[in-house]
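Sequences listed follow chains L and F, in order.
Heads up, the first sequence is in this note's numbering, so the first residue is 1 and it goes up one at a time.
Heads up, the second sequence is in this note's numbering, so the first residue is 382 and it goes up one at a time.
It is worth saying that the hints were derived from the structure and are not from the lab.
Honestly, I wouldn't trust all of these hints.
[Stated by the list, open to error] Calculated lysine to any residue pairs in the SDA-like style (CA-CA distance at most 20 Å, straight line): (1) L:Lys293 with F:Ile507; (2) L:Lys293 with F:Gly509; (3) F:Lys534 with L:Ile55; (4) L:Lys293 with F:Lys431; (5) F:Lys431 with F:Glu475.
[Stated by the list, open to error] Short, incomplete list of chain L residues facing chain F, as computed with Cβ under 7 Å: (6) Met275; (7) Gln276; (8) Tyr287; (9) Trp375.
Quick reminder that beta carbons are idealized off the backbone N, C-alpha and C, glycines included.
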Amino acid sequence: MSTTIVSRRRFDMPALLAWFVVTMVVVGLFMPIFKPDIGVMEVPKLAVCLVILAIAGVRYELGFMRNWIGDVALGLVTAVAAWLLIDTASDYAGEATIGFWALTAAAWAASWLFVERLAIWKSRSQAATRIINLVIPALFGITILVIWQLVVTGAGVPKVLLPAPSEIWVRLTGSVPILWADFQQTFLKAVLAGYFIGCGSAFLTAILVDRVPFLRRGLLPIGNLVSALPIIGVAPIMVMWFGFDWPSKAAVVIIMTFFPMLVNTVSGLAASDAMQRDLMRTYASSYWQTLFKLRLPMAMPFIFNALKINSTLALIGAIVAEFFGTPIVGMGFRISTEVGRMNVDMVWAEIAIAALAGSLFYGIVALLERAVTFWHPSMRR
Amino acid sequence: MTALASAKDTEMVVNKNSASPNRVIDIDNLSLTFETNDGPVHALSDIDLKIDEGDFVSFIGPSGCGKTTLLRVIADLERPTAGSITVNGVSPEEARLNRAYGYVFQAAALYPWRTIARNIALPLEIMGLGKDVQQHRIKKNMELVNLSGFEKKYPWQLSGGMQQRASIARALAVEPDLLLMDEPFGALDEIVRDHLNEQLLQLWAKTNKTVVFVTHSIPEAVFLSTKIVVLCPRPGRIYDIIDSDLPRDRNLDIRETPEFLKIAHRVRDGLRAGHSYED
Ligand SMILES: Nc1ncnc2c1ncn2[C@@H]1O[C@H](COP(=O)(O)OP(=O)(O)OP(=O)(O)O)[C@@H](O)[C@H]1O
Ligand SMILES: [Mg+2]
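All chains, full assembly: derive it from the sequences and hints.
Spelled out as structure tokens, the structure:
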């Protein structure tokens with residue numbers, strides 16, 4: 001008795017969502033869609049959108065085709081509805097009223113319902129679970145982009161405030177050579193060089209600090225001090241020291257990444273427990289043997305923690321540092337100049353590139369971590 | 382290898398000169414006090430113990446009486462605060478650096494990033510043995526502890542008892558002349574324990590190893606040992622040393638014989654007396 005009560009959800013989310021879809025469709029039917037007083041039936045594409053959403057919502061409520069065919073149909077309907085909304089919104093930019101927003105809400109609820117239905121298929125097989133685990137965040141991202149697009153075009157948000165994703169996309173695909181040059185300058189040169197030198201030298205310093213204990217008392221506070229330096233103070237100095245080109249940005253990245261790596265590696269090297277060290281002692285293992293066979297493997301979760309933190313810090317550092325003087329190329333340079341020219345879509349294109357590159361960078365480090373520290377309790381499956 | 386061989390030569394010279402020819406461990410008036418925040422803990426006090434080559438010595442006593450500490454002193458994992466100790470005629474530190482012993486810890490202490498086979502290979506790698514020697518010893522010792530087929534598993538995929546057996550295989554793979562074992566079979570069930578007791582005894586009889594063995598089990602101590610050391614706590618000291626006159630060549634049936642029971646009784650009496658000391 002009690003177990004069935006516990007295992008049941010407090011309310012039936014999919015049913016609630018389907019009701020919401022139906023309600024919003026009804027609102028869309030009776031309220032004006034666009035200014036001044038255009039009804040949904042005057043816009044054929046939106047009429048189609050309304051009808052298919054209504055069918056999808058009612059079908060789910062009636063319990064008809066609650067199987068994979070119904071779910072696939074729901075996904076298709078949602079996609080088509082979103083596309084119809086986007087397509088018409090650009091023809092009536094800034095004119096949207098209650099009815100349009102109701103349909104937007106209905107499409108959004110339909111996509112949520114679709115995700116809820118997808119989650120049900122998870123338990124079927126390992127492969128299905130893996131695919132769905134990838135699909136759900138992707139759908140989430142797409143939903144956000146669609147809503148962004150609809151809100152910006154429908155409400156007529158000025159481009160300088162927030163350009164629509166479609167505009168950003170057009171700008172992005174239209175300026176590939178510039179974006180690539182910026183990416184090369186900032187990411188492939190400054191970020192990667194700074195990241196590898198910063199993390200590498202911090203790692204070696206950590207081992208030195210470990211080997212020569214009195215250095216710990218001297219070096220760690222200095223490292224702490226350097227990491228506390230504000231980047232906007234350091235960047236101009238680095239430009240004066242290393243010139244306008246990428247080495248000065250790499251230097252900023254080194255400063256930013258050094259300390260997290262140093263501290264994490266030092267505490268990682270102390271992570272092995274007494275019995276594991278005693279074991280090495282009984283083998284008369286040398287310092288370096290103990291380091292490589294016990295203490296470094298044990299430190300890997302800590303080290304990867306720092307590598308992950310630094311992968312995002314490095315990108316931020318390099319972009320911000322470019323605000324303080326660069327040759328006429330680089331992501332930070334582009335952002336600061338295009339903002340001045342009110343070319344906000346270019347700024348957003350750079351932001352999109354930076355977000356993508358940062359996520360990929362982080363993802364690669366996280367994958368490496370998974371491969372190296374597979375044994376750690378947090379990674380075991 | 383050559384370092385090891387020359388260490389053995391010097392040890393033989395030392396042995397020839399000393400009073401008893403095959404003394405492996407010589408503990409004289411040894412005490413150890415831990416300085417803790419709550420004041421000193423007298424873990425060991427006035428220990429006198431001689432262990433000869435080929436002895437199988439068991440430490441038995443209530444929890445906290447210093448069995449592990451004494452074993453750790455022999456292994457140079459702990460420094461005595463008074464008295465003297467030699468291992469193979471030299472200081473414990475030198476003996477450790479000569480890789481004179483294999484140590485089985487109370488917990489398995491396997492490295493989770495190494496497979497079972499690679500865990501057993503760990504000391505062999507450190508000693509710089511060749512790959513084929515390593516393979517041979519891994520195979521032999523995994524068979525000995527009945528773990529064949531688990532070479533590629535990771536420690537966390539094994540039960541506690543299997544992990545403990547892997548750690549025994551790891552210590553045996555070093556093929557030391559002196560084996561220090563801290564409750565190695567504590568985590569195992571009775572049948573596996575019996576089996577490993579027999580295996581250990583055979584190994585000992587065959588190779589003339591010296592074994593120092595910590596246990597809480599009276600039958601295990603009596604079955605395995607030529608010498609049983611009964612310790613009692615606060616401060617940790619030796620209450621009784623019982624030389625067993627059971628034949629070296631024994632099997633599990635010996636546990637029913639009157640001679641066996643007589644020794645077991647004496648051990649039990651010693652343990653009782655040690656306990657009642659506290660009250
Ligand atoms: N590193 C240490 N610091 C302080 N006290 C210690 C330390 N190690 C052991 N002791 C103390 O020394 C005493 C003996 O401990 P030991 O571990 O040798 O006992 P034991 O006989 O092996 O017990 P058990 O059978 O439970 O394993 C205990 O009172 C313990 O609290
Ligand atoms: Mg103990």
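* To do: Identify whether the interface hint at Trp375 (chain L) stands, where standing means a beta carbon of chain F within less than 7 Å of its own.
  => holds, 4 Å
* Mind checking the CB of Tyr287 (chain L) against every CB in chain F and telling me if the closest is under 7 Å? => violated, 12 Å
* To do: Below or equal to 20 Å on CA atoms is what counts here, so check Lys534 (chain F) against Ile55 (chain L).
  => At roughly 54 Å apart (the allowed maximum being 20 Å), Ile55 (chain L) and Lys534 (chain F) break the hint.
* Asked: Taking 7 Å as the limit, does the beta-carbon of Gln276 (chain L) come near enough to a beta-carbon in chain F?
  -> holds, 6 Å
* Would you mind confirming whether the straight-line C-alpha gap from Lys431 (chain F) to Glu475 (chain F) stays at or under 20 Å? => holds, 18 Å
* **Lys293 (chain L) paired with Lys431 (chain F) [C-alpha distance capped at 20 Å]** => The hint is violated at about 36 Å.
* Interface hint for Met275 (chain L), Cβ within 7 Å of any Cβ on chain F -> holds, 5 Å
* Asked: Are the Cα atoms of Lys293 (chain L) and Gly509 (chain F) separated by 20 Å or less?
  -> The hint holds at about 13 Å.
* Is Lys293 (chain L) within 20 Å of Ile507 (chain F), Cα to Cα? -> Given pair Lys293 (chain L), Ile507 (chain F) holds - Cα atoms ~9 Å apart, limit 20 Å.
When each numbered hint is compared with the structure, violations occur for hints 3, 4, 8.
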